[in-house]
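Okay, here's what each chain looks like letter by letter:
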Amino acid sequence: MFGFLRSYFSNDLAIDLGTANTLIYVRGKGVVLDEPSVVAIRIEGGPNAKKTIQAVGREAKTMIGRNPKEIQVIRPLKDGVIADFTVTEQMLKQFIKRVHESRLFSPSPRIIICVPSGSTQVERRAIRESALGAGASQVYLIEEPMAAAIGAGLPVSDATGSMVVDIGGGTTEVGVISLGGMVYANSVRVGGDKFDEAIISYISRNYGMQIGDNSAENIKKQIGSAFPGAEVREMEVSGINRAEGIPRKFTISSNEVLEALSEPLNQVVKAVKDALEKTPPELGADIAERGLVLTGGGALLHDLDRLLTEETGLPVIVADDPLTCVARGSGLALEKMDKLGSIFATE
Amino acid sequence: MTEVRVTDSLDTESIEPAPAETAEGVAPVESNTPGAVLRRTREARGQSISDVVQVIRFSARQIEALERDDYASLPGSTAVRGLVRNYAKFLKLDATSLLAQLEPAVPVPEADVRPPTNMGEAEQPGIVERAPLKMIAAAAGILLLALVGYWYSVGSSGDAGSTNSLRDAAGRSDVVAPSPVVAPAVGPAPPVVAENEPENAGAASSPPPSGGLRIEFDDRSWIEIRDATQKVVFVGEYPAGTRQNVEGKAPFQVWIGRASAVRVFMGERSIDLKPHTREEVARFNLE
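Just so you know, the sequences run in chain order A and B.
Using the working numbering, read the first sequence as starting at -4 and increasing by one per residue.
Using the working numbering, read the second sequence as starting at 715 and increasing by one per residue.
If we strip away everything but chain B, and leave its shape as in the complex, we get:
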């Protein structure tokens, strides 16, 4: 196919490089490496390296390296195999046998699919996208354990209605919200529960009626108490020094925001808050 060009360049250039090739004499004549076969065929056809360069456009340096079977100095196996194929086509040789011979030294290119090496993330990836499955599973397991633990502790300290009361409290706190703000400003006496209580806020030492509760505040704390009818009998945030008697029908549900600052008495009996306290918040029932 390239006969015209080839015969043209035959006379002009083939003479100079040929001695260089023979002088090099690296590959013995009987060598059958792809490079040697290509070189022999080219020389037998009386063509110079520049003839090859002119057609296949790989540089003379690369073609010489191929003829020396010096694949390391050629750019990658795809290029080497392509070069051999083009060179063989130029010389009208069968490329398949040469490529098969090439295989051990230059294997069929193994694609390297890998992200380019980097020096760490420029931006933290989202946890959903990148977190490995194992980490997600572990996190889910821990969450599950925590939930079971919480359920167990709530179940042991509170009654079945505790979840309800929680929801009620959350809902009702909006309604009651103004009172805690107002209460400390007005004074120690909580106005909200005034109806249920005698006016004995000042008379701290007087013992409460039997069945009643007495609450003493060593420091500011939030509190909510419901009686057996689920009615809120005492609620609000009170400053230190407040002493309050609470009337109502037992059992009481007590919820104290800062258990360490509050002492609770049932009649003359002091109630130990410790067993009911989790992270400063005490929730318990009083018979």
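Chain A extracted, bound-state conformation:
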């Protein structure tokens, strides 16, 4: 009843709580925060070892793999869902505090938060609870493919089929949307993290070198590729030689990275093919006409669209600004939240 009052004190937020990055959209302002979902916790010594938050987001991410014993660097989300409830709650609280201008009142915004379409009731409840714990007055859930499709500007409300493939850090979401609802949704737990792991294990296997998570991510971003191209790019990487136990430098090529990524990429392709197989023919025809749309950080993997085009024979397009699609989509849902209820997911 006092919604009009609350709006003076707290801005409503839409949060893309991702495995890799958390993005916050503030009503009327757009995406204002984009930080890695990483928390560094300092564990103090003594009899009642107190835990304090050392850093959150970008600053905490630089600490990954470089931390002393007293500092724990945690990625509280895994495979698109919460792995560490308390830390997730604290992280959200910190992020919300950052985007909240008024210092006089503690923020209690209404929050739209994204959930993977394949997440279980328990996982959704955990996400809802952590948002409430972080100070939300009300929490609405929206499924990621729906948010991604809205963010990519697809005509979700029309009677045409739109297919969106959102490749995030932890999950790949495939959704077929028509008339404002999800006709098909699936989520496989493959994403940017699995790509990094594949690179780490490939290098360990073939070079006998150990590299860190951040190095693997850099390799993926710089020379990672999903489809064999004419030009071969190379990159110098440092790691620990396992046999000698000494840091060494070596060079890896884009073709090797492609080979390393083939396993997780196949899972993505399979998820897309499964979705196409289960799509009703009318919607399938629409998708063939309009193309399937890639969003999420994974869409930035070089030539991933090409790979999916070759594998499915359909046009594949990468959305504008794919990293923020989900956040922008849920933000747009937030702007019109009071007018529509049907696009939100239930627990």
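Take these hints with a grain of salt, some might be off.
Stated by the list, open to error - Among the chain B residues that face chain A by a calculated CB cut under 8 angstroms, a handful are: (1) Arg771; (2) Gly790; (3) Thr792; (4) Leu797; (5) Val822.
In short, the hints are calculated from the structure, not lab data.
Ideal Cβ positions, reconstructed from N, Cα and C, are used throughout, including at glycine.
Model the placement of chain B on the given structure of chain A, informed by the hints.
Positioned in the frame of chain A, the structure of chain B alone reads:
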């Protein structure tokens, strides 16, 4: 990146569509629309539309429409922008300038978040969920006014104890309940209050003792009377024709279920029930 494929198809297919393109001649050579730039670049590289189709998998019809800058026949701005980006990538052009040029005609897709149009509710939504704030506020206001009005009217007609008596009556009606059922069956004389009354139910015309009440029923009605000690002196449902004298210590609290069917006399004075009646029920005090 697609060099191998491109050079393969170069010799076989590029010759046929090219004349068609030039014959069309819609876009002048100096035109710098995205479609014209893409077409010129493709022709300069000696590639046919089918080469493009083979790689980016949008249909030849769609690619031709793009080259004519006929965006209306393409499916939506997301698709157009994606098509331009893919086409530019195929031709190794920089897509950003083309997309910027595209902006006025095909703006960055504006998400349309709206519920699908429907023809009305299949089921009435719950009032709590859907009723707008204004309606709830108005309803609350009306309720508040009604409550104030009720309180005012009760406060003016009854004394401070009226709420108590109401509660008492509600509580006691359970206890007394059997009597009204029994009373009409037995006859006009109410057995419950017999102790307080002389046996003069039949002697209707005889005037009541001064200070007493006389009740006459023109039709069946429920009644309850308490005296100054809050003791129920007369209660029950009585049929038409009943005449009853009530003894007790004034002031009386009178509660009549059907005021239009009952006449009340205090001594010789007839009591007007109208001012005390609300929706057939009369509640008042008699000194």
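* With 8 angstroms as the cut and Cβ atoms as the points, is Gly790/B at the interface with chain A? -> This hint holds: Gly790/B lies near chain A, its Cβ roughly 6 angstroms from the closest one there, short of 8 angstroms.
* Asked: Given Thr792/B was flagged as interface, is its beta-carbon under 8 angstroms from a beta-carbon of chain A?
  -> holds (4 angstroms)
* **Proposed interface contact between Val822/B and chain A, which counts if any beta carbon pair is under 8 angstroms** => Hint holds; Val822/B Cβ to chain A Cβ min 6 angstroms, cut 8 angstroms.
* Against chain A, with CB atoms and a cut of 8 angstroms, does the hint on Arg771/B hold up? -> holds (4 angstroms)
* Asked: Any CB of chain A closer than 8 angstroms to the CB of Leu797/B?
  -> Hint on Leu797/B: holds, closest Cβ of chain A at ~7 angstroms, below 8 angstroms.
Checked against the numbered hints listed earlier, the structure breaks none of them; every hint is satisfied.
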